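J.: Chain by chain, the residues:
Number of protein chains: 2
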Amino acid sequence: MSTQQPKISLSGAQKPFFFGVDVGGTNIKIGLVDDLGRTLAFDSVPTNEPAGPQQAVEQAARKCRELAASLDIAWSEIPRVGLGAPGTMCLKRGLLLEPPNLPHWSNFPIQQALAEAVEHPVSFINDANAAAFGEFWVGTGAQNDSLALLTLGTGVGGGFICDGRLIKGHNSFGSEAGHIIVDSRPDARLCVWGGGRGHLEAYASASAVAAIAKERLDAGAKSTLQSLLKHQDAEITAKQVYLAAKDGDAFALELIDETAIYLAIGITSTVHTVDPGLVVLGGAMNFGGPNCPVGKRFLHGIVNEFKQRTFPNVFAGTRLDFASLGGDAGYIGAAGIARQDFRREQ
Amino acid sequence: MSTQQPKISLSGAQKPFFFGVDVGGTNIKIGLVDDLGRTLAFDSVPTNEPAGPQQAVEQAARKCRELAASLDIAWSEIPRVGLGAPGTMCLKRGLLLEPPNLPHWSNFPIQQALAEAVEHPVSFINDANAAAFGEFWVGTGAQNDSLALLTLGTGVGGGFICDGRLIKGHNSFGSEAGHIIVDSRPDARLCVWGGGRGHLEAYASASAVAAIAKERLDAGAKSTLQSLLKHQDAEITAKQVYLAAKDGDAFALELIDETAIYLAIGITSTVHTVDPGLVVLGGAMNFGGPNCPVGKRFLHGIVNEFKQRTFPNVFAGTRLDFASLGGDAGYIGAAGIARQDFRREQ
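Taken in order, these protein sequences are the chains called A and B. Going letter by letter, the first sequence gives residues 1 to 346 in this note's numbering. Going letter by letter, the second sequence gives residues 347 to 692 in this note's numbering.
Derived lysine-lysine pairs resembling BS3-like cross-links, with alpha carbons at most 30 Å apart:
1) K307/A <-> K438/B
2) K592/B <-> K576/B
3) K92/A <-> K653/B
Keep in mind that the hints were calculated from the coordinates and are not lab data. Keep in mind it's a predicted model, so treat the numbers as computed, not measured.
For reference, chain A alone in the conformation it holds in the complex (with noise of 0.2 Å):
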């Protein structure tokens, strides 16, 4: 798996260096990092999730060492690990709850686990909010004091940070965009982690894209995408969906445009509330980014909206726009976390 950072040399490289470990549901990305955000090795762990925590933590924490080891830096000068992981967690006690995606590893003290594999002492978060905090040190909010970062995948989630700090939350709860209400509609769509209606994850989230396309697709709306289903007898993605846009069909243009919408509302609220002067969509659904048409489009219509339900002031003063780091931002950003510990300790 190779990294889109640039990798430094070592000798060019700037002390001290930091591990960040970023666990997804398939594989476990981890890199060394030097103090101005700089990769300077990359590699991944399979995840192995029916195997359980403790694995994986000790695999995680050998390939630091592998890594470590290859480029002959000594273990003692890197002074702490970032630990991103998916929730729920409860960061207060560095511990996994009931992560959806990592059914085998509920109620696991993740944090004390990887200090204890790794000997050093470990700064735990959510993996959005350290996707969120590598776009804020290295990524497309280098530039300024804060930021909020949309991630859209499989679920929409978020990381607000104001002023250099992360919004953790009183119950680890912070910066979830993906439960702010889009949608006070008494059917509006129900929350599948059972969190009630209306919240942008069911709308704005790969999911929640390929579930309403099927939906109307089943419903007989007019879309090259029915032949699709048809002759496939294929589950409908969000892949497909902007394929299909890529393509002119006035269906998956339209779907697009309407997430478009209801992300530019959950923005808005964002805005209004930790008006950070920078947006930042990341994760895999991002219709083509910035250098494709649809991309384009997406963008567009998120700006558009948020212009018609805010102030001119604010909507001058904020900056929208797609991430940059791709699926390094989770990995850099948990680095960055451990390296504000580690510089708030000294």
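With the hints as your guide, set chain B onto chain A.
T.: Coordinates of chain B only, in the frame set by chain A:
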């Protein structure tokens, strides 16, 4: 004008002391507060808005000196003054921009003007942010690390504090609870300040409750308020809605229940954004507050709707309550922000 805060004597007070100056449309409240947030002295001066901001700032500064002199406190013993004022504003430049309630005070450098008049450094914040900090320091949130205050008055203000820090925002538009989107329908009510449709303030401010009541009464709704409207040819106010509800008027009770639902939608988005663990309702429109059946029903309605729209663990970890400092919250909080800035500088 009396203060609700217990005053303490100079002999029992803890140094250093801070002035809090709370600018309102009618009066400027001025309190001298000790290092534990206890009021040593309080008074007010008329805002006299049309006479412009310079005279008001000078009057306030003169009153500060009078209060200090009356207690034989040397001016040098007060290291800093806190100033809260209604927006719009630019906190970074210490400017009032175009405050709707202070139409003759546009583009006034109020922070510097007060600093020159009191010959001390001045900390400058939004009035609702100041009230939030007051409740956080010595009010309903005194035992908490974080807090979200929503002030229900002519408008809906907000102040969100995360781990002791106010969310002020890149555009001085952080914590603006009144502009969270709570109605996503295309025909949602318009923000009176030009911020688009569906903002909380258009549903849960005293002005909005009055306007909605009037619209429905004009359309023929059955209510005891109809006779009031006919006999007195008066404007309907939120207070009249409250008084009718207290007498059991079904129309008024239903409107208050609806207001609770919109507030709960806004509170849910607030909690899923900053996750403060404590949400406090302040401002004049409290429908009788915690000691009145209508106030209790109002709070219960909010809590019940919030429960439907969030997750069980977030609901369990979040308290909703009324504010406790009344009209003192603003100057106490302004003094508290001055104290926080002073301590950071030490």
